[in-house]
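In my numbering, the protein residues as written are 137 to 357.
There's no promise every hint is true.
No farther apart than 35 Å at their CA atoms in a straight line, the calculated lysine-lysine pairs in the DSBU-like style are these [unchecked claim]:
{"no.": "1", "residue 1": "Lys-293", "residue 2": "Lys-309"}
{"no.": "2", "residue 1": "Lys-179", "residue 2": "Lys-293"}
{"no.": "3", "residue 1": "Lys-140", "residue 2": "Lys-156"}
{"no.": "4", "residue 1": "Lys-169", "residue 2": "Lys-325"}
{"no.": "5", "residue 1": "Lys-192", "residue 2": "Lys-309"}
{"no.": "6", "residue 1": "Lys-309", "residue 2": "Lys-156"}
{"no.": "7", "residue 1": "Lys-192", "residue 2": "Lys-156"}
{"no.": "8", "residue 1": "Lys-178", "residue 2": "Lys-293"}
{"no.": "9", "residue 1": "Lys-298", "residue 2": "Lys-179"}
{"no.": "10", "residue 1": "Lys-192", "residue 2": "Lys-293"}
{"no.": "11", "residue 1": "Lys-169", "residue 2": "Lys-140"}
{"no.": "12", "residue 1": "Lys-298", "residue 2": "Lys-192"}
{"no.": "13", "residue 1": "Lys-179", "residue 2": "Lys-140"}
{"no.": "14", "residue 1": "Lys-178", "residue 2": "Lys-192"}
{"no.": "15", "residue 1": "Lys-179", "residue 2": "Lys-169"}
{"no.": "16", "residue 1": "Lys-169", "residue 2": "Lys-192"}
{"no.": "17", "residue 1": "Lys-298", "residue 2": "Lys-140"}
{"no.": "18", "residue 1": "Lys-298", "residue 2": "Lys-156"}
{"no.": "19", "residue 1": "Lys-325", "residue 2": "Lys-298"}
{"no.": "20", "residue 1": "Lys-335", "residue 2": "Lys-325"}
{"no.": "21", "residue 1": "Lys-140", "residue 2": "Lys-192"}
{"no.": "22", "residue 1": "Lys-308", "residue 2": "Lys-192"}
{"no.": "23", "residue 1": "Lys-335", "residue 2": "Lys-178"}
{"no.": "24", "residue 1": "Lys-335", "residue 2": "Lys-298"}
No wet-lab data here; the hints were simulated from the structure.
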Amino acid sequence: MDAKLSSFGYLFDPSRYSPKLGYSRLRALISAKPTQRFFDVKKLHVPTFDGRALHKTVIDRYELEPTEIFQVCAGELILDSHQGERLHAFSLGGTLTASVVMGERLCDFVSDAPIFHMDEDPESVSGVIADEIEDLIAQCEVNLTDHENEFYLRLSKYEPYKIFLACLVSLKKRGESIPREVRRERFQKLSANMSRAIKSIQDTDHWDGISPSLEELLIQD
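Please work from the sequences and hints to get the whole structure.
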C-alpha cells in the first residue's frame, strides 16, 4: 500500500496540466474506526447513475465486497471523517473502484476530466473554473424538466472529458455575451482564468478550441 496514502487517509494525484487544473485521481482509505491518519475517512459519498436513475451512493467499511465498480456521474464527492470533518470534491464523472486491502476499503476514483478539490484556494485557476462549472451544471439540470433523471441520462452518453470541454465552451460564450458596460470584477476574474485554463488544455492536449457547448451537447440525439 502507498505509504503516503496510508498515513494521510486520502490522496489527489496531479493532473497533466500546467498551471494546475484539478487532479486526475482521488484515492481514499476507509477504516472501521479512528486511526492516527491525518484524515480518518469514515464514508465516501458519490453520485452514481445506473442508466435509469441518479443515486446518492455511500461507500463505507461495512459489508465489504471483494471489488465493486461504480460509474460516477457529474456532481459532488464528499469524504466524511470519524472526527466529523468533511472534504469536498467535484467531478464530471469517472470510474470508482472499491476494493479490500488489508481489511480496509480502498476507493480509487479516476477520470479523464479534471477532478476538483473544492476546499482549495477559490481564487486559483482550478477554484474559479470549478465553481463556474458547478453552477453551470446546476443551471442545466434545472432547465431539463422532462423527468427527474433526464439530465443525467443525457450526460451519460458522453465521456467526462467531452463534457469538460463543452463546459469550457459554454462558460466562454457566457462571458462574451455580457455587455462590456456591465462587466464587473467577477467577469474579469473568470475571463482571465478561463484563458489560462483553455491555453493549458490546448498546449497539453492539442485541443483546437472547437467543441459543442454543454447546452448543445444536451440536445444532441
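>> I'd like to know which numbered hints this structure contradicts. Please list them from smallest to largest.
In response: 4, 23
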